[in-house]
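Starting from the known structure of chain A, arrange chains B and C on it as the hints suggest.
The lines below spell out each chain.
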Amino acid sequence: MSLAPGQFPRLLAGMPSSGALGLAAHQALHGPLTLPPRQRSRTGHPLILELERAGLRGYGGAGFPTATKLHAVGAQGSPPTILVNGAEGEPLSSKDLLLTSRLPHLVIDGVLAAASVLGSDRVIFALDEHARGTARALQQALAERRELQHRGAPAVTVNAVPGGYLTGQEMALVNVLDGGEAKPTTTPPYPFERGLKGRPTLVSNSETFAQLALVARHGADWFRTLGTATDPGTRLVTVGGAVSYPGVVEIAGGTTLKQLIGASGGLAQPIQGVLLGGYAGTWLPADALDLRLDAHMLLERGLRLGSGIVVLLPESACIVAEVASVARWLQGESAHQCGPCINGLQSIADALEELCARGDRRRTYGRIERWCELVIRRGACSLPDGAASFVTSALRTFRPLFEDHARHGACDACVGQRVLPTATVDPVYAG
Amino acid sequence: MPIGAIGSSSTAFWYLTRASGVVSLLLLTLVVALGVADVARVSSPYWPRFLTDGVHRRASMLALVFLAIHIVTSVLDTYAPISLLDAFIPFHSAYRPLWLGLGAAAFDLLLAVLVTSLLRSRIGARNWRLIHWMAYACWPLAVIHGLGTGSDVRRGWMLALDVICVAVVLGAVWARVRMAEYPTTAARATAAGLSAAFVLGLAIWLPGGPLAAGWAGRAGTPVKLISSLHSGSPARTGSR
Amino acid sequence: MSEKLRLDPIACTGHGLCAELFPERIWLDEWGFPVIEDGELSGELLGHARRAVDACPTLALRLERERRSTAVRSDLRPAGRKS
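If you read the sequences in order, they're chains A, B and C.
This note's numbering applies: residue 1 is where the first sequence begins, and numbers increase by one.
This note's numbering applies: residue 1 is where the second sequence begins, and numbers increase by one.
This note's numbering applies: residue 1 is where the third sequence begins, and numbers increase by one.
Okay, chain A solo, but in the shape it has when bound (with noise of 0.2 Å):
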């Protein structure tokens, strides 16, 4: 038994109504996953190869070409360390936390192929620290896992990490497990050069390798059957606001905002805006339903799916007050290590909020995009950049709306309650 070429949902398949899916359902479910023989060379095995024609990408937000960062860090010259990064910072995003605690098996299949291919010794797997749900879920099937007790087999471990939007951030996580704090440091030298403890680490999302294990038993053709040319495969998207079902949908590369929509059970309410990449990502007007979620087309325009986030905004929110939420969330998530992001974000979080209140009485309204240009590229991460691609994304994309809070301050909608969650882990994956 194994899924079909054309076979969707892929990465959902057998998904339980409720615990997880047990290692006998998904063997069945599946069929074995034969671990590729270890190779001398690091690099030339096989499976990297296949990873490279199918173009399978990361899936935690930057989008970072899988083969290419296996073969980088099994470059390196010494056995590397795998760190499965679950640790899902991003308020709006919460595919990681589901897959992780109800089909933990497809990330450990993924997790337990490269670590063969890369000749690994040693496997962590994070996980937010208030997500005690998701720990346990994971921890009872890598007891399941007997390949796990053999010699030879990589030492496992799962560890908790602090919660916040920068823990997920490559570097501060390698330094928070180090020991140290959940921040980044100056790159180079990257994770995959000088990682956990000094040596290579391969860092990557829980679902790139749930997406690895999919490749490892069914090749890059099997992979390319669903999707477009430049986005193949399937991938996990967070759809939340004004929808009937929020949640976490599973849809092929190339599908439409409109369709999305209509797989999370069709819109709830009126909608004025799509927020597309979560608090990193762009703002879309409300009538840009057609739009293809193709990567490769989305970046063309600028766009972002993120870590796969969309959100509709209703009518009844008012976006600016959403927006300086936020920008003041963000604010206060910095690492506060360097000075355009700790004065940008500060200004920036600032003035949005006294257009929401007051209006621009100190005519700091006409300097936010000034500030949001001023603040990229000139941090350690790219938190400040995905702020400052909110924050005027939103200003252009609904020019009237800030203009007119520009002139009159709060509107009827500001004084309701927030739609934008700024809380990392949802209560579901507490436990």
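Among the hints, a few may not be true.
Unchecked claim - One side of the interface only, derived from the structure: several residues of chain A facing chain C at Cβ under 8 Å:
1. THR185
2. THR186
3. GLY339
4. ASN343
5. LEU374
6. ARG378
7. GLY379
8. ALA380
Hint data in this document are derived by calculation from the structure and do not stem from the laboratory.
C-beta: ideal position from N, C-alpha, C; glycine also.
The following block gives chains B and C in isolation, referenced to the frame of chain A:
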């Protein structure tokens, strides 16, 4: 010793050592004051930051030059038994071991600062800053060394210079603490405490120490030198 | 091979000596932090660049060969600012 036998030229060495010592102290005072101004980010349209930093660095190198003269001439001068090693190893000399030793200690610190500054890019900012902080000890050591071994300590102009140097450094430190955006009580207390202790210490020590009669003996000048002074050997001006 | 200026944004605390010494390519934003512009560093410019690197109190500014700079922006200079 050949040099001693030349006679009056060895007196020249003694004068040179005193003069270069004073200049070194003045330069060191300037260096510390500028260092404080550098950290305090003092600047104006006519006095850019790189000027404070540049003069700070170059004055310290100039101080080293004068210190070298100070050390070499004190060694070459045969009156007081000071060897070259005494300049590097504190409290090693036969002549006023404690007070001279303080000078050697200050010199060692200054060397450490200079060497680490030249190799700054190799050792990293953290290590460099740590050693630079230790350099703060350089200046009070130099002042006390001057007061303890200086031949001119009872001269009016020397005392005036000492007062000016102390005032400049303490003033700079005070201004820095007051200018700090978030001056902690600990920082203020430390600055106040150290300044007061230093000034009070000097005020208590000086009248009964270097400024009183018989200091030479108490300071550790070898007995035969003191007795030679009283027995009227080659005239040397300046109090011993 | 040509050298490029590279800034460590974590080490940088906005002292501003670099902008004083190399205004052709470095200027300070409104918060006192340097914006470094892209461009060939040769001849006299390289000398100024070296001096700026040497003057940095926190060793945040470096000259490196070829590696992609994280804080190099050519599009930010305000209008009317002379090069």
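Tested hints:
| no. | hint | result |
| --- | --- | --- |
| 1 | THR185 | holds, 7 Å |
| 2 | THR186 | holds, 5 Å |
| 3 | GLY339 | holds, 4 Å |
| 4 | ASN343 | holds, 4 Å |
| 5 | LEU374 | holds, 6 Å |
| 6 | ARG378 | holds, 5 Å |
| 7 | GLY379 | holds, 5 Å |
| 8 | ALA380 | holds, 5 Å |
Checked against the numbered hints above, the structure breaks none of them.
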